[in-house]
Amino acid sequence: MHKLWMATLVMLTVITGVSSTNVLHIYTALDVDEAKIYIEAFQQKYPHIKVEWVRLSAGELLARLRAEAANPQASLWLGGPSDTFIVAKEEGLLAPYKESLGWQYLPAKFKDPDGYWVGIYTGFIAFASNKDYLAQKGIEPPTSWFDLFRPEFCGKISVAFPYTSGTGYTRFATLVFLLGEDKALEYEKKLSECIHHYTKAGSAPVTEVGLGEVAVGVAFAHDVIAKGVAKGYPVVLSFPKEGTGYEIGAMALIKGGPELDLAKVFYDWMLSAEAQSLFKKWYRVPLNPEAELAEGLVTAEMVNLVEYDALWAAQNRDRLCELWQRVTGY
Amino acid sequence: MSAELVLQKLTKVFKGRGKPVIAVDHVDLEVQKGELLTLLGPSGCGKTTTLRLVGGFEFPTEGEIYLGGQPITHLPPQRRPTATVFQSYGLFPHMSVFENIAFGLKIRHIPRAEIRRRVEEVLNLVGLAGLEDRPPTKLSGGQQQRVALARVLVIKPKVLLFDEPLSNLDAKLRVETREHIRRIQKDLGITSLYVTHDQAEAMAISDRIVVMNQGRIQQIGAPHEVYLRPANAFVADFIGRANFLRARVVAQNVVGIEVELTNGERVVVEHHFDFAVGENVRLVVRPEAIDLVAPEEGLLRGQIVLVQLTGASAHYRIALDSGETVEVEILGALERGVLSPGTLVGLRLHSRSLWILRE
Amino acid sequence: MPRPPFFSVTRLLHDPALFLVIFVVFGLVGLFVVYPLSRVFYVSLFYRGAFNPRYFLYFFEGRPYLLRPFLNSLTVGVLVALIGTTVGFIFAYAVTRTDIPGKKVFRWMAMFPIISPPFLLALSAVLLLGENGLITRWIFTRFGLRWSVYGLPGLVLTETLAYFPLAFFTLEGVLMSVDPALEESAMDLGASKLRTFLRVTLPLTIPGLAASFLLLFIRSLEDFGNPVVIQGRYPVLTVQAYLAITGMYNLPLGATLAILLLVPTVLAFIILQLWVGRRSYITVTGRPSTAGLHTTEPYVKWPLFVIVLFLSGIIILFYGLVFYGAFTELWGVNHTFTLDNFRYVFSTGSSYLINTLKLAGVATPIGGLLGIVIAYLVTRKTFPGRRVLDFLAMLNFAVPGIIVGMGYVFAFNTPPLQLTGTAAIIVLIFIFQRMPVAIRDGVAMLQQIDPVIDDASADLGAGFWQTFRRVTLPLVSPALVAGMAYMFSACVTSISAVIMVVSAKWQLVTVALLHEVDNADLSQAAAYGVIIIVVVWGAILIMDVMVRWLLGRWRHVR
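Residue numbers (numbering that gives the first Met the number 0), protein chains in the order written: chain A, 0 to 329; chain B, 0 to 358; chain C, 0 to 557.
Derived from the structure by calculation, the hints contain no laboratory data.
It is possible that part of the hints are untrue.
Unchecked claim - Below, in silico cross-link-like pairs of lysine to aspartate or glutamate (DMTMM-like), each with a Cα-Cα straight-line distance of 20 Å or less:
#1 C:LYS504 <-> A:GLU51
#2 C:LYS380 <-> B:ASP197
#3 C:LYS504 <-> A:GLU258
#4 A:LYS49 <-> A:GLU39
#5 A:LYS280 <-> A:GLU98
Sequences are here, hints too, so could you generate the full structure?
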């Protein structure tokens, strides 16, 4: 009889999933190929912690956190622009981690004052253009937001939906900061008529430009290089002269997550110079000043940046997205 | 002899797309223990529906069914002590003959040795010994029928139900098999309810016949009763063939009733009826109850208009002087000489076989 | 007129096994089909507890982000239904009524899109006919043609290819079941073959044509995989609903879009049920055709052959491109041969694959069994509420997958039944979304068994379960296994229903495919596609072997 009970117990344990401890669940807005780099490095350093992760675009991720608020399925949120983090903090979806040394050492503008999230990288919005198309038409890559309306580009543009993608929203918010809300909506309406299609993921335009399906795309500079140029696609990087927006890529603990102490280990590691040096593989600009940089990296000094109020952008996200939908019809 | 199976005001109404159809209309019936009662009638008369109601494959709109004194009206088929031999047999194609027959016993958790004994016993009874391992698809129609029979006999039901079991067999096999069934039924003494549209079959094997039409019982009685003394024109014409001659009652006496035909001739029917003198009635004459004689010797006179030979007998259609038509059947006509169309003949009636019905 | 008795409840109580089964089935259907759907309605009509059909009002106002997808979806649906039915008919006629060579091959070709993973057709379409597609570059630009495959043309092209096989199989069955005596007697009376075709054959196939039309309409409306890739600036309801929920977390908007999608599909479904009836309209395990009006005239035969060949060629081209792309470095730009994509799929994607197989493997037998139990109840038994059960159980046939998924997320997000994030919710979606197919196949299987056999079994004393186990199941097992193989494939290639319920612990391979497509990592997407195709075809081949074995087994009894 004892044997039977033992067997049943063993079976039950096996069925319900061995070691529900020592597995860290992460949601990431980073590209699958990119997230792999950091997560594999982490697993090499901490072999006893197994990581299971899901990639969702920033908007999807926020939606998922909201849906799971009563019963969170993951403990750490890795990557994605800070405005989604700000919204999440306001909605009580994050857990603070002020004890983190990495957080403590970071300048105020790169982190949440109450310790709910921390910046890990920064990135700038840029244009990606198809080299072959440019050569064929004998034109230069766009250097102004309004270049997109030129006949050579109009109808051949792809950008991400602002309401599904952090990249998409950052681009739209940048225009709001540049032109004011009303003019920005006008711009968006005009752009919606020049668009080839909108994408769900922020970096998809880069590959589409690379394939020649569109001529111009708007995405973060690091994606343009990592997914475009570095991969071998005929892609050219350029910036708008009026000024471009930027993001602070962030990381946070999810409130009520099933394995928060494991998440803290990852959190601390991600802020270290060792981890942030890995950013060079994706051409990101790390926020840890000790980290190594990629060769030929575009840093803040090289680009004209707009005054981007991440907090305001975060707080007005839903309202602006609804207006956007109404104006463009998408 | 007690009634084993009792149907009380049994009614079944089918609600289809159009008007509702009353398939079985307040049927009252008692089947005695050990008897073979046949439900006979044309298609659509309600006989099959009645059988299915007893079997539990349909449920009545009104009425009750009692078996051995117990009500079974709402029980599903598996809980009724009835067993059915279906028209298309319903043999399980994925089981052998043995397994088919053993099925009912297996369901009842009879031990294996006992199953083997009983199956072999019943195989011998129906004459299929040696065919245990055949799949049903490899049997002839007649053999399949016997398997179906064996399958129900082996579980020793209280009532056997037969749903036109012979209609898929050819004529000769039908005759053989019906005798076979009747013999087994009598030997085992199992109460049986039998459905057929074939009146010869019904006449041959039944203890009693129930003639049905349009959901209602027309007549219940032993075969000879139903044949010789039909309750109405429908029964008269359904069982065998019947000629109806117009007549008028002229007298009633101790022997029977005297009627006058349209040509003035009179005939006595040896039975007592409840008719008034002067009432118009119909005289029922069976084709075989007529002799053909020389015109001046007959009660009636007429001319042959059609002749059909069926080997054993000749069938004549005769147009009477009165304008009516009669069918006459003469046995052994080939031996005696077949008459040709156009011949003038006289007809003589066998008074013992005559019957009278309302107009 | 006698009054019908207060129903068969009394009767039902005398048959407890049956009663229990009916009760349980109703419970399951109510909880896992009706309840989630009702939640979608609720979310679209109520906001924070108050009745507020905001987005319905906006829709009737004509706001573009509601009206446009609605009209677009309908347009695509009608076009796909028309073209697909026509194409399917041509195919069916060629295969059943002529003696063109290679029929068997053509039938296998037609099977391909049915069990194909999502997205692939659209991907190939982009690769071939996109702005920078192969055909675009070589042919169109040479002739100075400007045509974009994105939007309406691309949707119609991909969905027609994806769904015409459904029309084909339906019409194949219909054409084969036309009584040859009718056609023969027409010709006997002097009608030419053409006249016979127009006046006799064609009218008899009208129910089949109508069924195909409605079927394709429903399928097109609920298509998610192709529009995601190729809708361009022509938004359709499925994608917009998905974006509203996952992108904006705007549940009322998403639910409203879902209801707008639901109305035409359910309407089409009801018409389909009423007009065409319950007859099995597709038997994918068809038999070779024989009787009927046969056309051997070359001037009819060869054009048909060419059309069928052309279509098959397109299918081979599109799927072939996927296979090719899976082995390239950077699909569309760098076509060096590499196995890296597969290495990637088997490393990163291995858990997705295993999970998908596990979950589909659990769902399939349960779904198959449940399907046939319900088919049995609905066709062979009478009980109060039978027609209701029939309708509800089949409802998910018409309900687009995206709505099913949405409903489950809304319904099972809170205690007492909190299933989000678990394997259970995925398994349940698999079962109940695919159940209508299992039921429909079950009905077809049961129709091949003479009901007398059921009666005989009960007559001999077997209750519901005993009859089911000893008689029904063995007889339907070959068809059941075949049905389960298709169900398995359907689960493995499922996307719209499950996209909202995958979690960190339970990821599915089609969702992984979507991510690759999202990121425009086409070579990797192609590799995933190839793996899924291989798995699905593997399952079908195994099924084929099993069916033959089963059929062989009970043919020689003992």
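Status of the hints after comparison with the structure:
{"no.": "1", "hint": "C:LYS504 <-> A:GLU51", "result": "7 Å, holds"}
{"no.": "2", "hint": "C:LYS380 <-> B:ASP197", "result": "31 Å, violated"}
{"no.": "3", "hint": "C:LYS504 <-> A:GLU258", "result": "13 Å, holds"}
{"no.": "4", "hint": "A:LYS49 <-> A:GLU39", "result": "10 Å, holds"}
{"no.": "5", "hint": "A:LYS280 <-> A:GLU98", "result": "29 Å, violated"}
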